[in-house]
Amino acid sequence: MTPEYWERVALLHRAALQHEEDRRAAFLHDACAGDEDLRGEVESLLAHEGKAESFMEVPALEVMAKQLAEKQALGMVQRSGTKLGPYEILAPLGAGGMGEVYRARDSKLNRDVALKILPAMFTDDAERMARFRREAQVLASLNHTNIGSIYGLEDWNNLRVLVLELVEGPTLADRITGGAIPLEEVLAIAGQIAEAMAYAHEKGVTHRDLKPANIKMTPEGNVKVLDFGLAKVLEGSKNLDADPSRSPTFSNPSTLAGMILGTAAYMSPEQAKGKPVDKRADIWSFGVVLHELLAGRPLFQRETVSDTLAAVLKEEPDWNRIPVKAQPLLRHCLEKDPKRRLRDIGDMHLLLETASVPARGRRPWLARGTMAVFVVALGALSLIHFRERPLVSAPITFQIFPSRNLFQSTFAISPDGHHLAWAASDSGGILRLWIRDLDSLDIRVLSNSYPAAVKPHGGAPPFFWSPDSRFIGFQSGSKLATIEISGGPAQTLCDVQGTVVGGSWDRDGVIVFADSERGLMQVSAEGGAASPLTTLDPARKEVVHVLPSFLPDGRHFLYERASRIPENSGVYVGSINTQPGEQNSRRLLATTSGPVYVPSSDSDSGQVLFLRQGTLMAQPFDAHRLQPSGEAVPVAEQVGSYLDYGLFSASDNGVLVYRSGAGQDYQLTWFDHQGRVLGTVAEPGRYNSFALSPDGQRVAVSRTNPENTPNWDVWLLDPERNTRTRLTYDQVRATFPVWSADGTSVVFDSIRGGDVDLYFKRASGAGDEQLLLKSDAGYKFATSSSRDGRFLLYTVENPVTKADLWTLPLQGDRKPTPFLRTEFNESSGQFSPDGHWVAYTSDESGSDEIYVREFSSGSSQRSGDDMGKWLISKGGGTFPRWRGDGKELFYVASGGKLTSVDISAKPVFAAGAPKPLFQLPPGFIGGEVTTDGKRFLVGVPVGQSASVPFTVVLNWQTSLKK
Amino acid sequence: MAGESPGHALQTTALVNEAYLRLVDVKKVSWQNRAHFFGISAQLMRQILVDLGRSRRALKRGGGANTLSLEEALIVSPERGADMVALDDALRVLTSIDARRSRVVELRFFGGLSVEETAEVLKVSPETVMHDWKLAKAWLLRELSVDEAHDA
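Protein sequences appear in the order of chains A and B.
Numbering of the first sequence is given in this note's numbering, commencing with residue 1 and proceeding in unit increments.
Numbering of the second sequence is given in this note's numbering, commencing with residue 963 and proceeding in unit increments.
Isolated chain A (complex conformation) (with noise of 0.2 Å):
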């Protein structure tokens, strides 16, 4: 198309526009004398003439700004805890055909309820709302027991919002994957669903819109039908675009799909054709159910919607696979003509050889009690899901809410799919271990379960299962361990050095573990000596590998390695059979938040599970090739991570579980001795460390804006003055700042140079970021200076002698010199306030406790040299910090209370008992101490770690053929 020729196509269009619509072909025939291909365009143009009257008639402007502020009501739904009126969102709940849906609590009258926001596109017709309220008041006049009440209607903020009864439970559709269901209980299912919409019907309200996702089941056995009546009554939306100054040129597809009239797969043939309808309908899609419950498979769903509709008009359902005694009601309610199709459903017990089922007046179903019998003995969904083989070509999602208490925590689905268990920290602020048998309500916690100090951020590493989904290993102390779910003690297998960063137990009963201070380790279930899989390689800049993963071979497992250079961390293959030397050093896939293999049916292949920036990916994988094969599909969104490894967990059998993860915000907050809170500093923010300046007025933080800077940095807070400074301006992180005795600059670890060092700079923001320390120690971050501004403490983190404490002069030659450094981690050094002691944490014992030791400028102290060492903890301590005359210590003892100790220096240093002071809330990060010793300043979690739920997805690879 050439712009000539375009010019010729415009003028020919121009003029044929001035002729009658009539007149034009003949007009066209002439003026393009023979040029068909020209007589072709112009026409093709014209045809679109009519529709492009109201095409971009209204500016774009307008209609976007329509949409962004129903975008943003709608935003402000989704965050949980917005109030609309009485109602608190708790959560989403999904999002149907007809707009989304949120759990919420009716504070009025204290009970759960379900939201479901309208599309805004239909709102605005003040004539179009009020035939919508009045047939709303009709369907909210239904009162059955086998119906879904609709409580409200309520009006916030431009959108309108149905308050309807909240179900709890699987639908039919989740029940429906198990396979077929015998013909006793579909009666008895059946017989509700008919009770139902005779009801309805008789009050002339038609469902149109019924299928097995609509239809509910309560654990008492009770089926509910949802959404009845609101697909026609939302429906007077469709002919908006008769109103050409109305039209929505953009339409929001989510709104677009709220318009939809059922899914095909139900539609009756009449609607098809897209003729109007009536309760008959309601009897076809009755149909479809019933005909899919006994048979265990889908009836017309085909691969695309056209050929979906196709099948629903033409073909024949397949007799055969229905119990005899069941064909004549369903040959009944499947005629494709309405005329001859069943009319009445109280007329459904005629059509049922009686001897099946007991009369009862009209509607001779099985009695409800029977029916409640069944169910509880049925169990939830999870075990309908357990039978053979999923039959369905949809994944089926639902969501578990844990307990209240839930804090960040790692979780794992057992191989069979069976249990969900997590480790979660009580109020009390110990973590134990919880199962959730999916097949029933049960939640409880391992009796004998990690004992450990609490960490910073309260989380634990991640646990695994064994394949025979009746174990569990994970990390107690400082030893690898296994507990049996069903009860019992636990049974150490081996020591470890690190933490145990994840694991995997294959079927020759051979587990391979991360340990961070030595990479992976292989041992026997049985116990025993563990030996080395792999060894962190300081050429490459390792830091540490982990999460391994075996493959179905069980001698080949998928691991990460974390390297200081991008390029090489990722997933990698490895081997039980390999030297630690030998084994691959070729990256399969460049990722950071773990990998988890998920065979599939055929066990040559499979899938790598791992995370993309929040996206839960699936990488197929060639098992026995050992390498990726084709390209990686999204699975899930807003998949959340915890530090390094990612919030998911997938069985063997086709079930995964993840949950959301905004990350985690913290609110500085002031306590005093007793615990109380006294007060805050700014807002809540996603912080990872910060320090009180030497005055007390101002706080450095390292925090991060996800919307705005993926990147840490660090940040100035004045309380006082209630501002909030940027000071480093970084690409790359900036954490863990110190302040300088003088209060004039902050110190802070970064990684710009490739290497992670100490830089500095000025607290006013004058000037850039200074180099303080660079060297190739490793990872290093500060921790205290000295009051007299000679000397900085920080730690570094040592493969081969893990965390030491090195000192920096800040005058002089500025050489480093290592101060404690010794084959265990010495960490969090702080100089006492005259600059004699530092008081540090070390695992020496086997696991944290505090120590002080004397500090002479320009000294080392020797490993072995116990003199001029003191234990000040009793049972675990971390985090210590120094009053401001030196005549106190306080710690965080294991299990999260915050202890202090009386201390003196002279004559001779002498520590008296720990007191407690109080419990530091769960997952609380920092803590720094006035110099009066009178406050204390804590990050404190705030948010929704607690309400976020479990997503549950069974058969999630079927989404994955694309």
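Fair warning: there could be bad hints in the mix.
[To be verified] Simulated coverage check for chain A against chain B, where a stretch passes if three residues somewhere in it have a Cβ under 8 Å from a Cβ of chain B:
#, segment
1, 10 to 17
2, 32 to 46
[As the list claims (entries may be wrong)] Ranges of calculated distance between the beta carbons of each label pair, as one might list FRET restraints:
#, chain 1, residue 1, chain 2, residue 2, range
3, A, S44, B, S1076, 26 to 32 Å
4, B, S1107, A, D768, 55 to 61 Å
5, A, E36, B, Q1005, 35 to 41 Å
6, A, T744, B, Q1005, 45 to 51 Å
7, A, R23, B, Q1005, 38 to 44 Å
8, A, K275, B, P1088, 43 to 49 Å
9, B, Q1005, A, P634, 32 to 38 Å
10, B, Q1005, A, R8, 26 to 32 Å
11, A, D768, B, S1076, 49 to 55 Å
12, B, S1107, A, A31, 24 to 30 Å
13, B, S1076, A, G50, 21 to 27 Å
14, B, S1107, A, D622, 38 to 44 Å
15, A, P634, B, S1076, 24 to 30 Å
16, B, Q1005, A, S44, 25 to 31 Å
These are computed hints drawn from the structure, not numbers from a lab.
Being a predicted model, the structure only gives us computed values, none of them experimental.
Where a beta carbon is used, it is the ideal one built from N, C-alpha and C, also for glycine.
Chain A is fixed; fit chain B onto it per the hints.
For chain B alone, kept in the frame of chain A given last:
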């Protein structure tokens, strides 16, 4: 776009403010005449709205298992809507064969100018603008329908 913290009213005014801020950023531009000003603001508006459309598209990926596919939405529902990004793409194609008519679309649809104002900016007669507008709309509508048929 600006964040969606509660209280931040993303309405027409705010969008115009955003455009204004971007305009203000363009320093040292002397507004020679109305035409120039309108021309630039329409362009900016288009940019902003298309960017917004792109970021919303990104968010729509990965819907839950129970939502209908776009294909199902297209076939079963009588509505079809082009979205801002598709329009922008189509408009670029139109520009390559007909810069003036593409400009008419930009000024009228993105800039919100009337037929008379558009005629003034482009220095043609209002009748010409009317026809330009009709032709461009027909062409775009056809172009966008073809796109959707391909996606579906």
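query = So which of those numbered hints doesn't the model satisfy?
reply = Going through the list in order, the structure violates hint 15 alone and respects the others.
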